[in-house]
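Working from the sequences, and respecting the hints, build out all of it.
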Amino acid sequence: MLNIPTPLLPEIFATHGRWLGTKPAIVAPDRSLDWRSLDAHTNRIANALIASGARHGDRIAMLMSNCIEMAELIVGIMKAGCVAVPLNTAVSDASAAAMIVDAGAMMVFATADHAARVQPMAGVARIEVEAVASSSDDRSRDGGWQAYADWLGTADVEPPNVPIAGADLCNIIYSSGTTGEPKGIVHSHQARLLWAYDIGLALRQHSGARSLIVTGLYSNISWAALLGTWLSGGTVVLRHGFDVADTLATIARERITHTAMVPVQYQRLLDHPAFAATDRSSLQMVMSVGSSLPLTTKARLIETCRCDVVEVYGTTEGILTALAPEDAQDRLASVGKPLPGVQLSILDADDRPVAAGQAGEIVGRSRFAMDAYWRRPAATAEAIWIDADGRPWLRTGDIGRLDDEGYLYILDRKKDLIISGGQNLYPADIEAVLMEHEDVGECAVIGIPSPTWGESPLALVVLKDGGSKQRGAADAEQIKAWLNQRVGKQQRVVAVELREHLPRNPTGKLLKRELRAPYWLDARPGA
28 MLNIPTPLLP
38 EIFATHGRWL
48 GTKPAIVAPD
58 RSLDWRSLDA
68 HTNRIANALI
78 ASGARHGDRI
88 AMLMSNCIEM
98 AELIVGIMKA
108 GCVAVPLNTA
118 VSDASAAAMI
128 VDAGAMMVFA
138 TADHAARVQP
148 MAGVARIEVE
158 AVASSSDDRS
168 RDGGWQAYAD
178 WLGTADVEPP
188 NVPIAGADLC
198 NIIYSSGTTG
208 EPKGIVHSHQ
218 ARLLWAYDIG
228 LALRQHSGAR
238 SLIVTGLYSN
248 ISWAALLGTW
258 LSGGTVVLRH
268 GFDVADTLAT
278 IARERITHTA
288 MVPVQYQRLL
298 DHPAFAATDR
308 SSLQMVMSVG
318 SSLPLTTKAR
328 LIETCRCDVV
338 EVYGTTEGIL
348 TALAPEDAQD
358 RLASVGKPLP
368 GVQLSILDAD
378 DRPVAAGQAG
388 EIVGRSRFAM
398 DAYWRRPAAT
408 AEAIWIDADG
418 RPWLRTGDIG
428 RLDDEGYLYI
438 LDRKKDLIIS
448 GGQNLYPADI
458 EAVLMEHEDV
468 GECAVIGIPS
478 PTWGESPLAL
488 VVLKDGGSKQ
498 RGAADAEQIK
508 AWLNQRVGKQ
518 QRVVAVELRE
528 HLPRNPTGKL
538 LKRELRAPYW
548 LDARPGA
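Quick note: the sequence shown uses my numbering, first residue 28, plus one each step.
Since the hints were made in silico from the structure, they are not lab data. Owing to the predicted nature of the structure, the values given are computational and were not obtained by experimental measurement. Ideal Cβ positions, reconstructed from N, Cα and C, are used throughout, including at glycine. Don't take every hint at face value.
What the hints assert, rightly or not - In silico BS3-like links for lysine-lysine, alpha-carbon gap of 30 Å or less:
(1) K536 x K516
(2) K364 x K536
(3) K507 x K491
(4) K507 x K441
What the hints assert, rightly or not - Per label pair, the in silico range of CB-to-CB distance:
(5) D430 x A326: 18 to 24 Å
(6) R379 x R526: 36 to 42 Å
(7) G235 x A360: 28 to 34 Å
(8) A326 x Q173: 33 to 39 Å
(9) D430 x R526: 48 to 54 Å
What follows is the structure, given as structure tokens:
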């Protein structure tokens with residue numbers, strides 16, 4: 028029997044370069060690349076990395092705005108046998124530097140708009156990519172930078188002679204840090220291949236797909252769209268960022284078939300005046316990721332987009348479920364079933380599996396799970412639950428339940444749970460009702476100190492654009508009265524506070540830790 032290894036992503040992309048030739052692989056505002064050119068460019072990047080002294084397993088960091096060069100670098104780094112480390116461009120300069128040091132990166136690439144943020148570091152080469160203009164006059168000019176074009180030079184277009192095994196490290200993606208200090212999440216090449224394959228199945232990707240990416244290429248959300256589309260030989264349409272009007276125009280102009288966004292982005296698209304007149308006839312599949320999609324938003328997407336809508340629940344660490352379009356109408360509140368190769372279980376407070384229908388912490392196993400948290404053995408151990416058979420499961424920190432048919436329902440984040448008078452209150456339940464109010468655009472429910480109950484729920488609300496003027500007068504007290512008439516007695520909020528905006532990370536997740544902090548500064552234990 029022949030023992031032929033499974034081709035990994037770099038080999039598959041190279042095959043597309045030979046077979047798909049002049050078919051567009053990626054389209055950006057300023058230029059595009061076909062598959063043959065993408066293969067050649069990524070070979071040059073891999074060879075230039077090797078010529079620069081990069082060795083198998085070396086970490087290569089990227090602090091870059093969305094551009095074709097970053098997409099090329101991701102694949103070129105893979106081909107060189109190195110480890111891609113995309114950095115969140117929204118973090119502070121100190122945090123970005125800490126991630127570069129934590130990863131032990133030997134080289135960092137930065138677009139001109141971010142280069143000035145990266146200070147000289149011993150043993151770290153810095154390459155500036157001119158793809159995105161900078162508004163700063165001095166930009167990165169501290170004398171220690173090399174221009175990307177000069178660095179690439181005359182690097183060979185032939186494939187590098189670098190053997191890559193499935194167990195080799197592919198990337199380190201730092202967590203969003205919504206609940207604490209970001210951690211580097213490590214994936215192997217085999218895990219990334221299987222993950223791209225499974226996400227492609229969930230999104231029903233195909234070679235004719237034209238997938239729109241508006242979120243930063245440092246996020247797992249964008250990697251899902253990028254690698255899933257490219258695995259199928261489709262075309263990625265990359266924008267520098269999310270702008271509502273530009274996104275709608277791009278959907279129509281580029282005949283977008285697939286996209287992946289976070290719930291708040293879909294809400295803003297649906298609420299934009301140009302949405303109704305936008306030609307959306309090319310859309311085949313839209314995927315919502317990052318956080319729970321409000322039922323009202325999900326129903327509006329299904330009704331107005333006239334295409335398949337898939338809500339995906341997952342963690343960068345390696346758990347995925349998807350609600351198939353065929354199931355959406357009957358199970359609108361569910362986030363679907365586990366993808367192939369994923370197993371789920373629900374644990375009680377004592378880490379014992381519970382029966383169907385009961386709530387608890389979601390844990391999962393998958394064939395594309397992370398290897399570990401980078402250089403964090405203690406954090407890795409805390410993230411794993413070992414069952415009675417000695418098998419490891421990943422903890423999610425989320426509270427949910429499975430029904431009799433295996434569909435998952437998300438109740439809330441474990442750390443967001445409100446314990447009021449000894450009763451567990453799930454903020455997401457209250458938020459779901461609040462989002463039904465005609466003037467509420469965004470909301471968050473948090474627990475604040477209560478001398479009587481320990482904690483009480485507080486609602487923070489952002490009104491829809493023009494809401495208070497056009498529908499005249501939806502003030503905080505009116506919204507509070509409206510809400511408290513529709514929720515259970517124990518779920519009633521003590522107040523509604525109106526906010527101009529709610530803090531979110533770049534992938535759209537609410538930063539409830541920041542919202543809670545001011546209310547608990549003076550709280551005493553047991554107060």
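* Indices of hints not satisfied (ascending) -> Hints 8, 9 are the ones this structure does not satisfy, whereas the remaining hints hold.
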